[in-house]
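Sequences listed follow chains A and B, in order. The first sequence maps to residues 1 to 332 in the numbering used here. The second sequence maps to residues 333 to 1015 in the numbering used here.
Don't take every hint at face value.
As the list claims (entries may be wrong) - Below, simulated DSBU-like cross-link-like pairs (lysine-lysine); rule was C-alpha separation at most 30 Å, straight line:
hint : chain 1 : residue 1 : chain 2 : residue 2
1    : B       : 871       : B       : 853
2    : B       : 714       : B       : 625
3    : A       : 220       : B       : 853
4    : B       : 562       : A       : 220
5    : B       : 849       : A       : 220
6    : A       : 149       : B       : 1008
7    : B       : 849       : B       : 827
8    : B       : 598       : B       : 562
9    : B       : 647       : B       : 576
10   : B       : 1008      : A       : 326
11   : A       : 9         : A       : 51
12   : A       : 220       : A       : 149
13   : B       : 779       : B       : 868
14   : A       : 186       : A       : 89
15   : A       : 326       : A       : 186
Said to hold, decoys possible - Computed far set for chain B versus chain A, every beta-carbon distance over 10 Å:
hint : residue
16   : 822
17   : 940
18   : 951
If you are wondering where the hints come from, they were derived from the structure by calculation, not from laboratory data. All C-beta atoms, glycine included, are put in the ideal place defined by N, C-alpha and C.
So you can see what is in the structure, the chains are spelled out below.
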Amino acid sequence: MSENGAKPKFAMYWAAACGGCEIAVLNIHEKILDVDANFDVVFWPVAMDAKYKDVEAMPDESITLCLFNGAIRNSENEEMAHLLRRKSKILVAFGSCACEGCIPALANLTTPEAIFEAAYAGPTTDDGHDIRPQPEWAAPEGIMLHLPKFYRVVKTLDQVVPVDYTMPGCPPESHQIGAVVDLVIKALHGEADLPPAGAVIGAGGSTVCDECKRARNEKKINRFVRIQHVKPDPALCLLEQGILCSGPATRSGCTALCPAAGAPCVGCYGPAEGVLDYGARLMSAVASVIDSTQPEEIERILDGIPDPAGSFYRFNLGGSLLRAGKPAWSKQ
Amino acid sequence: MTSPANLPEERIGVYVCHCGSNIAGTVDVEDVAQWAAGRLKHRGVVIARDYKFMCSSLGQEMIEKDIKELGLTRVVVAACSPHLHENTFRTACKRAGLNPYLCELVSIREQVSWVHTDKVAATEKSKAVVSGGVERVLWHEPLEPLRVPIHPATLIVGGGIAGIQAALEIADGGSPVYIVEREPSIGGHMAQFDKTFPTLDCAACILTPRMVSVGTHPNITMLTWSEVTKVDGYVGNFTVTVCKKARYVNTDLCNGCAVCQDKCPKKIVDEVFEAGLGYRKAIYTPFAQAVPKFPVIDRENCTYFQKGTCRACEKFCPTGAIDFNQQDETITLQVGNIILATGYDLFDPRRIPHYGYGRLANVFTSLEFERLSNAAGPTNGKIVLRDGVTEPKSVGIIHCVGSRDRNYNNYCSVICCMQGLKFAHLVKERTGATVFNFYIDMRTAAKAYDEFYQRVLEEGTLFIRGRVAEVTDAARLHGEEGKLIIQVEDTLASKQRRIPVDMVILSAGLQPRRDAKAVAKLFGISCSADGWYIEKHPKLDPVATMTEGIFIAGCVQGPKDIPSTVVQGAAAAARVLGRIQQKEIALEPVRASINQDRCSGCRICNNLCPYSAILFHEDRMVSEVNPALCQGCGTCVAACPAGAISGTGFSNEQILAQLEGLLMLNLDGDGRMPVKVREAVAI
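If we strip away everything but chain B, and leave its shape as in the complex, we get (with noise of 0.2 Å):
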């Protein structure tokens, strides 16, 4: 490696923040500059100033005067993470006519004062990382971002509360939604709850409005029972190709009579949508209120496709809508923008064994007891246990269920608390049994919330804090025979107890979606440890995702309430449109190049692309990048085993000059400059 040959011309200035006391606490900031002034001269530092907020206006304008006063042809500012303000210096050096990618932001925060207490040694610290910046800075070169259009169209995938929201934000601004469901209709998890907290809305009365209007409106394209296959493209283009399933139903011609489903002679537990509390038909739409009305049949349950015979739905629907020789669709769209709305999966308490799910029949999970609670469930709202017809005197209702809990999920499940008091408030107003909550914490945080865990208290409710070690048929006590007995520590009264109840209710936690890593993979975006999308900022960014052109919306980003879901698909909506809005967008240029003529076709680097930007020509025997999609993780520029794919604005001669910055000799310095390692010592 040989220093580039413009060296002497360069000027840099180095800018020190103090941020506060954030760095200045820790690092001697007034040495660090004068330092990089005196003993970075031979380096190209023309001038190194300290400044209390860098990152305010005076802070950036003292670097834009610089630029213009003294010539400055490269900027190194020493203060907090690229991830913070590295656009923020950029934009001042572009506003002075330098090309923003001519300034370095080196972290003498998150990597110096805030992980060291030492002042002495955070200060040499922070002159090896100053001098880390100067160097990679001197090889840095002019970079012009890349702009590509923005298609209009948008695809939501998922249809549930998040789902609809953003379609019908977006669709109501004039721009084209296609919405993907894989069930037979939209709606989602909130169409099969009862009520809402903490105001009780009955759910279907505030969700089949919306659902409606996904259906009308002019700008929304629905495809049920349909997946999405495969996605191409990139932020702006998007490629997307979805597997429309057979419905075996002519949907022209079918007016969504339900006569078929009356008809069908096959009935299905189902697992769906009833939670296994009811049955549906082997023709079927999930619920009355379903949009789109048009059923779907179950192949796998219909008699017809199994034994070839039957066909009465045939025989009686009166626009003869049924074709059993639909096939399967593949429909590929155009779209701009994505938004992920897939949602979760209820935590399955048979993992918990002593709780006695799966075992004990009248132990419910929270989403059979809203199937129990909904007057158009199976029992038509009856709270009724297993048999069908008794209504429990007693009722436990158990909460954490699978949440804050280090064999299961450590995270908290946000809904848990408020569903279980909600539960607690319909047993009590429908049955007039004693119901206990067992809790951990009661965790009511937003608005109302509170107020109504009061209205559950003052209703009479008992509540217990301790988490439930057990619950069992197994009688040992008096009065405990034929009832369900939950054993929990009491840890206000500080003693184990036995609670004889006739019900329990898991108040069971949100799960990522069993599928929600192969779906990531799918849109080339991240998931957590845990299975929840990761978002581009937990707080600054939190619909947006590291892919440009992709955002997630409601529970699939992590456990939220309805409320905070409907925030966030319209979040997702506005960003989405604002993007529609600029008509195209300027793509940040760090991208890897692959060099034609160096690279020989290994194919190492083709399935390591986490944006699926790689492309491999067969003809030619070469792999090439495709800038558009890259988004400059640096992945295949790390294995590339030719050294053939190179990163703008991470070459190796950058980051080898960063190093060789961060190691050089003289640092602390007794006079004599700084000098690079392998200048000073012969080997």
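So here's chain A without its partners, still in its complex pose (with noise of 0.2 Å):
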């Protein structure tokens, strides 16, 4: 416990996210209510009421632990990143998003215009008048509204502030979670020590193929084919048949959840230790199991692959080599 005899700090935000980090913690079931023991919950817009003054009001370095889930997509994430660096003593970049930009990173392949276009002005939504988000707007009763800027290029955590701690996962899985909170409890009590700086926590080291009881053979592809056209073999690989499967380059750590379900892995757990491109790396392993010398016939193969980008990158772009598309980076 704290000098004080006051419980140490907790917090919890989301950025660019979609609210489902927040639901995996819930999900953890009783042992919330350690966390409630055991720590005082300062900081959880989606939990409790709170202003962002408050932080700010907060000393620096009170909060003891802050999970900060969700990408940097707006100065709004980004200013939050640094006001919870600033208060926090440990913060983990929590889930896909805030690792390596997930989904919303998707959003690098084209420009901030374009995506406006499809909001603001697709089939869906027309609001008649053309408007779009204006960062700061004048309001006819005399007063200036400021909104968020949105960024050209999503960005993870890390790439705005330094993270002690990143814990992956598309969800991260809950009991992950759930031991990652035991092992914070036990090093708050000085019975465990915290992993060294900078670590990966609440996953495991190799990837997902490790988890997952499917047989495995030496790899032939002659064809892709979508989980929904098919009935796969239920003891064999995945990608063995022909499903992209993202298990061998994927952390495990989800107890190859995916492939057990019959689905193939999508790569949530993100890179494995040491890997700086998750996409590249898969691309290149994929390509290297293509079980043809003739380029028409590897085209016709790899044309199989609906979404070459989405697929490969589907949680990384963000925090790949590349990070963007060539339009997100250009300035229009």
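Bring the two chains, given one by one in their own frames, into a single complex with the hints.
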């Protein structure tokens, strides 16, 4: 416990995220009571009312543990990242968005203009006035209204502030969250050591295949099929059946839930230890087991993968070496 | 990625080579050296020099002196391709007490001066290349070569003249040799020939003594009628599985009397040795001087095996050597080195339908003509038409059939010109017929070859320069009836000609064996796009391959004549004998290795290794690289989705650091120090 007898402080924040990480934390069931028993929850927008000014008023490093989920999509996200970094002892990039950009970062393949076009003028939304979000707007009442600035490129948390730990997963599995909570509590009681700074926590050290029960052979792929078009062999490696499974490239820790259920791994636990560019790794691996030497046939086999960028970089584009496609970088 | 912790302590020397004017003609080498000395100080460079020839003794001594006097801990040489002088500079470092793998050779010749003309841009690019080398060498680690013992035995695959020569050289040198041959006898194509150009020696007369020597040599074990089915292991320690096909003849009892061959009632066209012109029996030796002398029973054509009765050979065999119950045998051999001398196939002229082979009876292939002119051949050396009796009065010999032709093979088959000349001489000598040779260019470049050409010219053979358009039996003009008409553009006379002849000989080119690719895969070596096996260096290492311990000799490497084939057989043997003498070999320590904790056994890498160096442990579900088999090619390193495989000398850190060095900002410099992109740009 802290020196004045008060409980250590806990915060959780969402930036550009879907809310799934919050649900995953609540999904640790009764262990959430341990969190409550051991921590003073000072800031958690999804669970309790709080204002940013309350956080600003806290002394620096007064929050012991802050789980930060969501990517850095706009200036508000970045401001909160800086603020919570300043106020927290341990800042955890929690979940795939904070760690590597996840789905929000797929927007990096295109321009903000195109995104707004799709969101505000597409077939589902037509306000009839061609209005777009404005960072600043002088209201007729005489006040200046401000909205966060929309960035051209979605960033990961560690691209804007230093991060103590990263915890991958979309969302992180509840049993892993539970284990991390247990560990932090033990560490607070002096019963365990925290992992070295910069470590990936709540995940394994190898890849999903390590936890997958399916039988594996030498790989030779002569066609790719989509899961909805076939009835996969329940016991055989999905990749060998031509289903693009990201298991070989994806960090272990999820207990291979998807392949066990008959669905291919989509890669939400991110790159394996030491891998700098998940998509490039997965692509070169898959390309190397294409069972043909004829350029036209290879082309045909690869055409079986719809949306390669979205398949290979689904969770990792923001954290990859490329980070974004050319349109996102270019200033129109 | 973070920089190595020891960065400030490293002391790097940079050496920029002029390579005469090879580099200095396009790159301002003095500027590059001065720039590196001044502007890469903060990256650890303590000295940078340029020199006319870094690879010279004086250049090497310069590096050695600096290592000793300035305490260099890393060396970057900007010169030619690492293929040429990496070893030179590594050895220089070693002499000065620096681990040779702490030296990096970056190419500013092949990759800069030879491919650019703009001197300013080439100089700037050279700086980037040097910067890449400096960043990379910071991540180098001292490495030690792997030493493996060499098993003294050698496997030679193919019993043609290349294999025979290699076998005799090694056996005479005192080391054991296994020679594996697919056919019932050794001898290869040379045994089928009558005369050899340019001296017109009888092929059998010069070949068969060698064959006998192989058969009787105490150090040689012959495995004919056998094929290699599996190769495991690595240089010095190969385990080779050979399938010894059942001969159905007990070789301990057989005395080679050939009574069985006389008595066998089943006659079959011999498509292999007699090139389809003659017959053999179902029990046969391909030719009289076959080594070994023991016949084989061709199961597919043997009446007993097909119908269950006959056994004539068994009845008449005086020694009771026939054994219908023999089974194929699998033999395992331990060898240290392997020489592949599997030869060539003749180009199949059926692929050129307008030359009429297979359709027009009196169009012959070169191999058919060899048998026709061979005194031991089906016509006892009489040169006659397909009817077996009529002597031709005029003969057309067409060169470059299937060679130097973009429809078939682009390459020159080397032997066809001399072969065509030899045929012209033999036809003239034996029949007195008028002979026309149709050639594109006459290529008679080796010793005494052109003299032979002159001789054939003087004998009255007519030479027409031009690629033959067509061989036809459709007579159009008077005098063409019943003849084969050769339609050709005579490019010297600039006119179309139709030349009627009785016989056409197609001087067909050489092709890789039809199973060359499969055999290359079996032994873990590479083929060119044509299918010839690729030597380690086209000039300086022509009989070695990129796979340690596997050598090539003869036509398997590319078309060549008998003298060159023999030279390669001997050369491969010399390389092998050298290895055996050393008793052990130091292998490049550039190897892949798999981090067992990170490997999840996904098996992506398992069948990618061209050297079969990766094995999968079913029990632990992890893959492992056999370091002695690995050649450090990096295929698996790139393919591993988990990043569990790393290559020494080519780690991710080294490659990315080199990229960062190449892409540094301010390389061209206006006073600012070069800086890494990610340190300079906030994204």
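Status of the hints after comparison with the structure:
no.	hint	verdict
1	B:871 <-> B:853	24 Å, holds
2	B:714 <-> B:625	27 Å, holds
3	A:220 <-> B:853	17 Å, holds
4	B:562 <-> A:220	21 Å, holds
5	B:849 <-> A:220	19 Å, holds
6	A:149 <-> B:1008	29 Å, holds
7	B:849 <-> B:827	43 Å, violated
8	B:598 <-> B:562	34 Å, violated
9	B:647 <-> B:576	25 Å, holds
10	B:1008 <-> A:326	21 Å, holds
11	A:9 <-> A:51	16 Å, holds
12	A:220 <-> A:149	48 Å, violated
13	B:779 <-> B:868	27 Å, holds
14	A:186 <-> A:89	16 Å, holds
15	A:326 <-> A:186	47 Å, violated
16	822	42 Å, holds
17	940	6 Å, violated
18	951	14 Å, holds
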